[in-house]
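Fit chain B to the known structure of chain A by using the hints.
Going down the list, the sequences are from chains A and B. With my numbering applied, the first sequence has no gaps in its numbers, which climb one by one up to 434 at the end. With my numbering applied, the second sequence has no gaps in its numbers, which climb one by one up to 189 at the end.
Heads up, some of the hints might be wrong.
To be verified - Partner residues are not named here, just some residues of chain A that face chain B (Cβ under 10 Å, in silico):
| no. | residue |
| --- | --- |
| 1 | K166 |
| 2 | W185 |
| 3 | A195 |
| 4 | D278 |
| 5 | P289 |
| 6 | S310 |
| 7 | S327 |
| 8 | G371 |
| 9 | P373 |
Claimed, not checked - Here are some chain A residues the structure puts well away from chain B; computed CB gaps all over 12 Å:
| no. | residue |
| --- | --- |
| 10 | L29 |
| 11 | F59 |
| 12 | W95 |
| 13 | I118 |
| 14 | M133 |
| 15 | W163 |
| 16 | A174 |
| 17 | F209 |
| 18 | V219 |
| 19 | L222 |
| 20 | A250 |
| 21 | A328 |
| 22 | L359 |
| 23 | S402 |
| 24 | L409 |
The set of hints was computed from the structure by calculation and includes no laboratory data. If you're wondering where the values come from, they're calculated on a predicted model, not measured in any experiment. Just so you know, even glycine gets a beta-carbon here, dropped at the ideal spot from N, CA and C.
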Amino acid sequence: MSFPWANEYKPSHPLMKWVDERLPLPRFVYSAVGAGYPVPRNLNYMWNFGVLAGFALVLQIVTGVVLAMHYAANSGVAFDSVEHIMRDVNWGWMLRYAHANGASMFFIVVYTHIFRGFFYSSYKAPREMIWLLGVVIFLLMMATAFMGYVLPWGQMSFWGAKVITGLFSAIPLVGTPLQQWLLGGFAPDNAALNRFFSLHFLLPFVILGVIILHVWALHIPGSSNPTGVEVKQESDTVPFHPYYTAKDGFGLGVFLIVYCGLVFFAPNLLGHPDNYIPANPLSTPAHIVPEWYFWPFYAILRAFTSDFLFIPAKLMGVLAMFSAILVWFFLPWLDTSPVRSGHYRPLFRKFFYLLVVDVLVLGYCGGAPAAEPYVMISQIASMYYFLHFLVILPVVSSIETPQPLPFSITEAVLGKDEHATLSPATPAVA
Amino acid sequence: MAEQASIAEATMTGDGVRRRDFINIAAVSFAGVGGLAAIYPLISQMAPSADVLAESSTEIDISAISPGQAIKAVWRKQPVFIRNLTPVEIAAAEKVDVASLRDPQTLEQRTTAGKTNWLITMGVCTHLGCVPLGAGEGEVKGEFGGYFCPCHGSVYDTAARIRKGPAPKNLEVPPHEFSSDTVVKIG
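Bound-form chain A, shown alone:
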């Protein structure tokens, strides 16, 4: 599970020895995220985002559990109970803003984490399982975030619930009964609100469970790194603690500055004013859009405006939207280049940046009204999105001549392997 040169946990205090013999939890932590876990020495700041995502999840669970102490999941009083949190509960405003903006920060961090994976091909063998579990986590996050947004029972909550559960009605034959089963009624109402609350409370802990599997799978080959060259020798690594606890600590500080900036100075910047209007089943807001983190996928959903062969436009849109994420599951087998890092793949690198631009364009169109020119732009951008994964990646992998890779991580960092000095945490071999 680790490299042979990993430091061993050696408790010195009698109490810690006593604990170690009975429940080796400190030993486990030491080898998982402590000085006993060797990590490539060349990780850049893009490798901070896994830890930051974990922090964001804990933040959401802590603020969420506290909010649940004051929130009432009943369609008659849900909106008022959120206003009660905002106005009457001690620090309630801060906790709610911390939770709402925490979700946005969670997605910013996770999107960065995913695109780090795209650029450095972190999904390639032997790390496919880490990637697959990561996609599962992302799907769970989307479900959790969606249900959380329904809870305040404002206009956007209500109509978001209606539109998203309406996606299921596109499925032939079973669609409408399925939608009614999901909602427990013919339209979103008390039954739907209650179950969304229950699941919104449950799913973060499911996410936590899958994250444990994600990190477990990560610890088998160990972290990838910006060169994509595997660890060969002790000089290629440094112990996680203190080197990366410190580096992650710095990243966490930057994260918290941005996060506090949002919470305290622009708490509603990423929200919609319409959600401060109580849910009204008889009036749809003029411009309904999901939260920003769903915009790229929403744009793909809306890009299909006419029937395709025998498939209705609505079903096509729904299939395309889900496929946009499901295609990530096939990524390890679509990108066949033996070279991992985008740094050594000149052609791949250009298409990677094009994909970033494409997703940003989709995001912009997803937040814009369903009118021209946005519809046509989303159609082109959606087509390019799928083209990237299904055609460009396999073709680029087969025609590209990658640049020469360094012999080792140490060589990439220090120029020559001999220059390496081993970390002071380990006794020098020479």
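Okay, now just chain B, sitting in the frame of chain A:
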């Protein structure tokens, strides 16, 4: 060793199946069926409950709706559009070549015989469930004079049939009957 072999021999039937194999399969099957039976209520509890289903019919007085006007009623917690069509709107709906429609239906098929001026449809866009505009005073009716859904741009005509945009079907006509000339019962 010889003794064990003879015991195994003794518990085996002619075709090589042991008593234990039967017990094993029977026990696992029984537990499996029991487990599945226990899941059924867990799935079924999510379906619409009795009180939600009980709100399934409603009576509405339509005496105050003059030609060209429409009201929004509520049925099953969803809006219903009740529209008194003008002769011009009826003519416009009948003029359309039915075969050219995405969801081919005539106005007659969507209304009660003898009361073709009363167009009663769900106010739920068949795309993703938004409430289309056009029933309220001064709302946009779209280029076909019926309803327009602002969410994703579906346009319905004066018979509430889908003419343009992503929606796959005409606005749904709920089951309804006229209790009298001025009262309609929906559901």
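These are the hints, each one checked on the structure:
At about 4 Å, the closest approach between the beta carbon of K166 of chain A and any beta carbon in chain B falls short of 10 Å, and the interface hint on this residue holds. Checking W185 of chain A against chain B: minimum C-beta separation of about 5 Å stays under 10 Å; hint holds. A hinted interface residue such as A195 of chain A counts as satisfied when its beta carbon comes closer than 10 Å to some beta carbon of chain B; here the least separation is about 6 Å, so the hint holds. For D278 of chain A, the suggested interface contact is broken, since its CB lies about 13 Å from the closest CB of chain B, more than 10 Å.
Satisfaction of the interface hint for P289 of chain A is found here, the shortest Cβ-Cβ separation to chain B being roughly 8 Å, below the 10 Å cut-off. A distance limit of 10 Å between C-beta atoms decides the matter here; for S310 of chain A the minimum to chain B is near 8 Å, and the interface restraint holds. Proximity of S327 of chain A to chain B is violated relative to the hint, the smallest CB-CB distance being about 17 Å (cut-off 10 Å). For G371 of chain A, the interface hint is violated, the least distance from its beta-carbon to any beta-carbon of chain B being 14 Å, above 10 Å.
Using the Cβ-Cβ criterion of 10 Å, the hint placing P373 of chain A at the interface with chain B is satisfied: the shortest such distance is roughly 8 Å. Under the 12 Å C-beta cut-off, the non-interface status given to L29 of chain A relative to chain B holds; the minimum distance is some 34 Å. Consistency note on F59 of chain A: stated as away from chain B, and its beta-carbon is indeed over 12 Å from all of that chain's, at 34 Å minimum. The claim that W95 of chain A lies off the interface holds: its Cβ sits roughly 35 Å from the closest Cβ of chain B, which is beyond the 12 Å cut-off.
I118 of chain A, annotated as away from the interface, keeps every beta carbon of chain B farther than 12 Å; the closest lies near 27 Å. For M133 of chain A, the requirement that its beta carbon stay farther than 12 Å from each beta carbon of chain B is met, with the minimum near 29 Å. Against the 12 Å criterion, W163 of chain A falls within the reach of chain B, whose nearest CB is about 7 Å from its own CB. Non-interface status of A174 of chain A relative to chain B is broken: a Cβ of that chain comes within 12 Å, the nearest being about 8 Å off.
Look at F209 of chain A: its CB is around 19 Å from the nearest CB on chain B, clear of 12 Å, so calling it non-interface holds up. Listed as outside the interface, V219 of chain A is consistent with that label: its C-beta sits roughly 31 Å from the nearest C-beta of chain B, beyond the 12 Å cut-off. L222 of chain A, annotated as away from the interface, keeps every beta carbon of chain B farther than 12 Å; the closest lies near 34 Å. Against the 12 Å criterion, A250 of chain A stays outside the reach of chain B, whose nearest CB is about 48 Å from its own CB.
Every C-beta of chain B lies more than 12 Å from that of A328 of chain A, the closest at about 17 Å, which supports listing it as non-interface. A cut-off of 12 Å between C-beta atoms confirms that L359 of chain A is not in contact with chain B; the least separation is 26 Å. Taking the minimum C-beta to C-beta distance to chain B, about 37 Å, the non-interface status of S402 of chain A holds against the 12 Å cut. The non-interface label for L409 of chain A is consistent with chain B: the shortest C-beta to C-beta separation is roughly 48 Å, beyond 12 Å.
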